[in-house]
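Hey, can you work out the whole structure from these sequences and the hints?
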Amino acid sequence: MDKFRMMFQFLQSNQESFMNGICGIMALASAQMYSSFEFTCPCLPEYNFAYGIGILLVPPIWFFMLGFVLNNNVSMLAEEWRRPIGKRRKDPTILRYMFCSITQRSMIAPAVWISVTLMDGKSFLCAFSINLDVQQFGNGSNHGLSEVALQRLLAKIPCKHIFDGEAVISREAASRYIRCISQAVGWIFLLLMTLLAFMVRAIRPCFTQAAFLKTKYWSHYIDIERKMFDETCTEHAKTFAKVCIQQYFESVSGEMHRFHGQHDDKDSDDEDDKRKSDEDKLLGIRAQDDMNKVLWNWHTCKPSLNLKKAEAQNGDATGHVEICMSGYTQQTQSPAKKPWVAYYSKV
Amino acid sequence: MDRLKLVLQYFQSNSESISNGICVLLALISVKLYTSFDFNCPCIPQYNKVYALGVMFVPPVILFFLGVMINRHTGVMMEEWLRPVGKRSKNPAVVKYLFSAMLQRALLAPMVWVLVTLLDGKCFVCAFSMSVDPRHFTGLPNNTGLDLVRIMAKVPCKEDAVFQNSTFRKAVSRYVRCYSQAIGWSILLLLILLGALARVLKPCFDHATFLQTRYWSNYLDIEQKLFDETCVLHARDFARKCVEQFFEGMQEDVHLRLPLAPARTRAPRTEADEETEDRLHGITRQEQVNRLLHTWYECRPELDVSRVAPQPRVCVTWEDRDGRVLFSDV
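Residue numbers (full-length UniProt numbering), protein chains in the order written: chain D, 1 to 347; chain W, 1 to 330.
In short, the hints are calculated from the structure, not lab data.
Check each hint, because a few of them may be wrong.
[Unchecked claim] Have a look at the derived ranges for each label pair, beta carbon to beta carbon: (1) W/Lys49 / D/Glu231: 13 to 21 Å; (2) D/Glu235 / W/Val232: 35 to 43 Å; (3) W/Lys49 / D/Asp133: 37 to 45 Å.
[As the list claims (entries may be wrong)] Derived coverage of chain D by chain W (criterion: at least 3 residues anywhere in the stretch with Cβ under 8 Å from a Cβ of chain W; other residues may be distant): (4) 35-41; (5) 62-71; (6) 150-163; (7) 225-238.
C-beta atoms are modelled at their ideal positions from N, C-alpha and C, and glycine is treated no differently.
Here's what the structure looks like:
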């Protein structure tokens, strides 16, 4: 149980390992889909080739696109590509890195499908049975069939139950031969893919390792930043809703049920804590327009990668904060302190 | 059991995950339903097509409506669309977003059924075996006395006596099945291309507005859930208070009437009492509850929590023994 939990947590820990998990699941799904898919060769000269090669190539394209659809990084990539510059520069190497990593992951499930199909051999048999040389596999030297009839017969080779030309050609021998070629092609394909992956992995560090580290860091950063922003927005929405509903109830009842000084200290501390944490969670955004501004500026004018130092508590932070963007230009001043309570002594 | 709890916890972490989880579950149910469904082609010329196309299209419609009903967002969307404006302006983009999210999720299970049907091929063979030209295939049984259409209609039925020891049936079956699979894969390819394009191109158009729309849709969902929870909690405390006061009311005649200061006859307010009062938020009567629920729909409060409700000032009046006012805040 603990192992399961650890694995789950690990997979969720960052987007990349989560994507690796999805990738693995898709590869397994592709193998499973092949085995549950009923391969039905039409056994007709005009359609065999199209069907055989179609089954070999169309599902891999489908799996490749599925990899793009399921990968959250795709929308992140598109967003980073299309956002206005704002206060943050754009780095094309990051975009390239993200695109490469998405493509690499999406290629795994198609590669699995193609290997499994080639190893199994049915699609090759279906596609290429008409190209067989009758001389090699013929049972008798003279079959006396016309071209068309011969083609029809050859096309029926993949279909055990329909084949009726045992006198002319040995179906078993022909099947084995084509299947054997198919498996050879399959193994060569696997070897090529592995070599390619090896080259990419092993040789890349020889070039631009330092730049690569920088790119990897910033692309992880963008991913994490996006996730944190979404989480913060969700937390904010929860607190906003809670406070909104509370104020609504109080407004309908017409009474404020909280008075100064009628609680003992412990209660007021708890309440203050709760109110304070609600205040913190609202992060100063308390109205619809403000929230819309926040969300608008997040895309159109992303903040710069420059964290400011925390200002002194009672310092004179009278600087102007500029929020730049079309349609939402505003200059806010830091709020002037207003007295809201004054105690007078009658002594 | 623990594993299941963990998976459930992960999915409950946000509302979107729950909807996605339910959506996938419905799709798996649809696959399971198809595999356990016993497909019985009638093999009669007039009924083949109706039966097969019925099996291919009626369950998806049922699954679609089921998907719409199960989705939480349907209720949120309908409420947001139909409510009066009240103090909160309506944003049609939010309604559209919720509608499209709901539609996408509801369409998954029906599409899965249709695609599994096509990839399997039985429905197609049943529906279209009569449209095949038998001249392309050898071995047509011609000694049965039946006409061509009837013979072709019997192709989907393996056990029929007409086709014993004949490769004709298998050849025609394969041919139609192959068509069915090709159509299935083409639809799959088209759908996935659309999906991939949508994913890649969406951030190119109006992404900032999309962020806003997504936030407010999420907000509406959370608000509705929180409101329901608050009402349930309120009802519980209301009920408890009501019952307590009823019991106390039964004891009224036991109250002692002594010339004590009024503060002393009141039962000491315990912490639990104060907590309950807080949760009641001042709503303590039936008319108030009714008014609250009515106004929530008719006149939704505005999205602004920056106002601070005016705190009543505590005014003190000092009186001496004879009732003369020594000092007063009033």
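Each hint, compared with the structure:
1. W/Lys49 / D/Glu231: 13 to 21 Å: At 54 Å between Cβs, range violated.
2. D/Glu235 / W/Val232: 35 to 43 Å: violated (23 Å)
3. W/Lys49 / D/Asp133: 37 to 45 Å: holds (44 Å)
4. 35-41: Holds: 4 residues of the region 35-41 of chain D have a Cβ under 8 Å from chain W.
5. 62-71: Satisfied; 5 residues make the cut.
6. 150-163: Check passed, 3 qualifying residues.
7. 225-238: holds (count 4)
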